[in-house]
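Visitor: Please arrange chain W on chain H, whose structure you already have, making use of the hints.
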Amino acid sequence: MSTETNNVKPALLQSMYQTMLRIRLIEERVADLVEAGEILTPCHLTIGQEAIAAGVCANLKPTDSIWGGHRSHGHYLAKGGDIKKMLAELFGKAGGCSKGRGGSMHLVAPEVGLFGTVPLVAATIPLAVGAAMASKLRNEVAVSVSFFGDGATEEGHFHESLNLAALYRLPVIFVCENNFYASHMHISERRAKDNIFKAGATHGIPAEQIDGNDVLLVYDTARRAIEHARSGGGPTLLECRTYRWRGHVGPAWDLDVGLKRNDDLKGWMKRDPIEMARTELIKLGVSSEQLGGIDPEVREEVDAALAFARASQYPLPEELLKNLFVGEGEAQ
Amino acid sequence: MRTLSYAQAIHEAHAQLLDRDPRVFVIGQGLWNPWYAGTTLKDLDKAFGCDRILDSPVSENATTGAAIGAAIAGMRPILFHPRMDFMLLAIDPIVNQAANWSYLFSAQVSVPLVIRSVINRGGEQGAQHSQALHAMLAHIPGLKVVMPSTAYDAKGLLIAAMEDNNPVIYIDDRWLYETTSDVPEDCYAIPIGKGIVRREGRDITIASISYMAEEAMKAGLSLEKQGIDVEVIDLRSAKPLDIDIILKSVKKTGRLVVADGGWKMFGFAAEVAASVSERAFHDLKGPILRVCLPDIPAPTSRALEERYYPRASDIEKTVKKSLNIVSVA
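Chains as they are written, first to last, in our numbering: chain H, 1 to 332; chain W, 1001 to 1329.
Just so you know, the hints here were simulated from the structure itself, not pulled from any lab data.
Output of the computed footprint for chain W on chain H, the stretches with three or more beta carbons under 8 Å from beta carbons of chain W:
hint	stretch
1	103-117
2	153-167
Just a few of them, taken from the derived set where beta-carbon distance is under 10 Å, the chain W residues facing chain H:
hint	residue
3	D1051
4	N1096
5	L1104
6	V1109
Ideal Cβ placement from N, Cα and C applies to all residues, glycine included.
Isolated chain H (complex conformation) (with noise of 0.2 Å):
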């Protein structure tokens, strides 16, 4: 871990180890859920990525708004979105954050400036930009951040969105979370060169390759990008590498990958992020008894959310012509 260059306050690690955290109960709770047949929709788990989710949010503001796309449920927590709400959202029920029309798939908390996440892949980076515009027409110095895979980097939205973002200056961090899969599909298999952050050279954007499970890195990296957004300087992109443990969807390790993958992922899962952060704060001096502390608290908070989301109703029928536009009433 980079410490050492940080300075970084023991509190803040262990604020970014207590967020890690509760993405991996949480998702390892909806994995088994799904397994257990209580949650139906898609859920694409970020199980061996949540390093970037809390390292870039642990530097933002309610007013910075995130996007993201089909794993964002670490986006959502990390950004302060209600646990209890997305969980009932993957149970399909009013209480849901968007009230049964979303899944895991479309999460949504405007009141901590995440406006959505979409699985139409590379579809929010674009959005990520225009609200970067808005702020810079508005003189305001709010960031945006655009979450997304190595697979959205195959897209034509990434590439113009990057030239906008550079050509406009725009206050906009383009985060690809490169965990090699696309899918079943290697980063070898669609690529001629593992090379994702040169994109960045081609716009005349500062970007950066790192470690994505280093937790300490990412938020780093991270603040110097925001800091050179909000003073004006414009996009950076960062391509964090780290490893999807889980399947392309849902709980199964190996489901369509195979086994070669499985030789990889025992090698990243000796990086977990967590264990390396807990490692990490041990070395600060944090005791394992504080430490020892927080796994109860994460999984009582998870209990709780789990039995909002049984509780919570389904949406009631009449619900479903509703809110096709804002402000209107039923669908035509």
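Guide: Relative to the frame of chain H, chain W by itself:
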């Protein structure tokens, strides 16, 4: 009352909207150059600055996505696609994003966005500069689609589109740019989803939209001289569709011709015909007939274009067919 051209009316609506609300900005291709927008955006960059009149890179997808993101973040953008055909490069942000977000998130997020797109038919421009894709867009839940046919409507519908808190597709037609009508100086809105009876008549109803409303009026005038009393409805909005105004008219006339500048197959006229026959079958004295484009892309040669685009004379012939009047030609 002043008379303005359709193009001048669009220009004035933009200027007034930009003037009254700092959240309004315009983004798209060809904003600083009359080649794309005619006079409809002339010198707005000089009046309001290049920060608010953004002539964008050749990136339909990202500019559309950015306009959506800016709208979600509280701005009121007007996105400009000078050629409707090129707007297809932005179909993901329009169809999957702008149209979806209100429903998807139960109205917690809104996309107050005007997407202005121009139909450039004629001029030997051919298949990829001439398309009228309003039916395709109107098919999508969550989009409103307006298509002014007069200068008065061109201004009032643009202002209405801006005042709406939802994505509205505003489609203007280059063939109408030089047409004129009385246009008030104030900033007025025309209700979206409401048609208008342009001409009252007893014998037959023509339901029309955009430039075909203009053609229908010409046909009505010509038919009047031949003793046929035509009622012309200009629907103004493709969606929401003002079906009530047609039903009321058909109850009186018993006959309906639908005139639309898009393709016939699976098109706007097909939707109108189906909606009317579902609700007013017993008011009809004969089949509903359609005047539309044939099911082929736009050709270039003027000789073929002449045949391709329906005009007042085609509406006239179809009216006579509906009335079982054999043309002596």
